[in-house]
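Full structure from sequences and hints, please.
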Amino acid sequence: WLAWKGAAINSAAAVASLIGQRTEAELFQMLNNVFTGVPLDRVSEASIKSNQPDAELNKLAENKKFGKVDAFFSHSWHDDADKKWEAIQLWRKEYLKHSHGKEAVVWIDKYCIDQNHITDSLAVLPLSLAGCQRLVVFYGPTYLSRLWCIIELFIFIEMGKDVKDIELRKLDVEWKKGIQKMRHEILTFDAGSCDCYSKDDKARMMTLIEAGCGSVVDFSEKVKALLLDLSLLIAGGGDKHGNYRRLSEVLESMGDIELG
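Last residue of the sequence shown? That's 263 in the numbering used here, and every number before it is there in order.
Honestly, the hints are just simulated from the structure, not real lab data.
It is possible that part of the hints are untrue.
Stated by the list, open to error - Each pair of labels, with its calculated beta carbon distance range:
# : residue 1 : residue 2 : range
1 : Glu213    : Asn54     : 27 to 33 Å
2 : Asp203    : Trp80     : 17 to 23 Å
3 : Glu65     : His103    : 19 to 25 Å
Stated by the list, open to error - Cut-off 30 Å, straight-line C-alpha distance, at most; resulting in silico cross-link-like pairs (DSBU-like, lysine-lysine):
#  : residue 1 : residue 2
4  : Lys205    : Lys184
5  : Lys68     : Lys100
6  : Lys225    : Lys105
7  : Lys96     : Lys167
8  : Lys167    : Lys225
9  : Lys71     : Lys184
10 : Lys67     : Lys105
Built from N, CA and C at the ideal position, the CB exists for glycine as well.
Written out as structure tokens, the structure reads:
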């Protein structure tokens with residue numbers, strides 16, 4: 004564990020230095036001030052349903068030690084807010100059950116990025132992800148089109164974390180009707196087509212991806228493989244005992260595709 008932790012921190016710091024254009028020493032110093040988590044019972048429905056920044060929400064987050072945040076929530080603000088809120092509450096319900104009532108502490112951008120020091124928060128984003136125990140992807144129709152979402156997957160890949168530390172939650176409750184569409188989205192994914200608020204940010208991220216993976220095409224293939232191999236927890240997707248199938252098994256059972 005200690006060896007992996009050291010390697011993950013070093014990888015995350017290297018990625019962070021490219022994103023934030025700061026030295027690794029500067030980033031580690033910043034991390035002590037900006038690595039936070041928010042107890043999930045403090046996250047409000049209204050905050051998830053609004054895509055406007057709110058600096059007051061950061062006051063609800065708490066400074067945390069590295070490794071002491073239960074989950075990093077990765078999501079697109081362009082996806083359906085009602086479905087996202089439902090998915091978050093389902094995840095929380097399951098977590099509370101397995102933790103015997105202990106509330107989850109999570110990293111979620113709207114609460115854990117200090118809007119008054121947003122550049123610093125984004126600069127240490129890779130280290131913040133490395134400091135969380137797992138990555139939870141709330142997958143909606145726009146997730147694969149948002150570059151920052153993909154960068155979070157990229158960071159995960161670069162850190163060498165195990166796929167078991169990612170959970171993928173599909174926002175469509177009627178997931179069986181949407182699984183074919185999801186399969187198509189994954190298999191046709193192209194990182195070069197992703198959108199970003201700033202053209203300069205996109206250019207820098209593309210450079211980062213090429214430096215880390217050799218090419219955008221190679222990175223796209225890594226993302227596809229990662230998504231296809233995830234252990235999938237989907238609302239309505241399990242059996243009556245709460246057991247879920249791997250996404251690759253679900254896709255293979257539907258035919259028209261050969262995996263692996």
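For each hint, the structure was consulted:
no. : hint                       : verdict
1   : Glu213 - Asn54: 27 to 33 Å : 30 Å, holds
2   : Asp203 - Trp80: 17 to 23 Å : 20 Å, holds
3   : Glu65 - His103: 19 to 25 Å : 21 Å, holds
4   : Lys205 - Lys184            : 26 Å, holds
5   : Lys68 - Lys100             : 24 Å, holds
6   : Lys225 - Lys105            : 35 Å, violated
7   : Lys96 - Lys167             : 20 Å, holds
8   : Lys167 - Lys225            : 16 Å, holds
9   : Lys71 - Lys184             : 36 Å, violated
10  : Lys67 - Lys105             : 16 Å, holds
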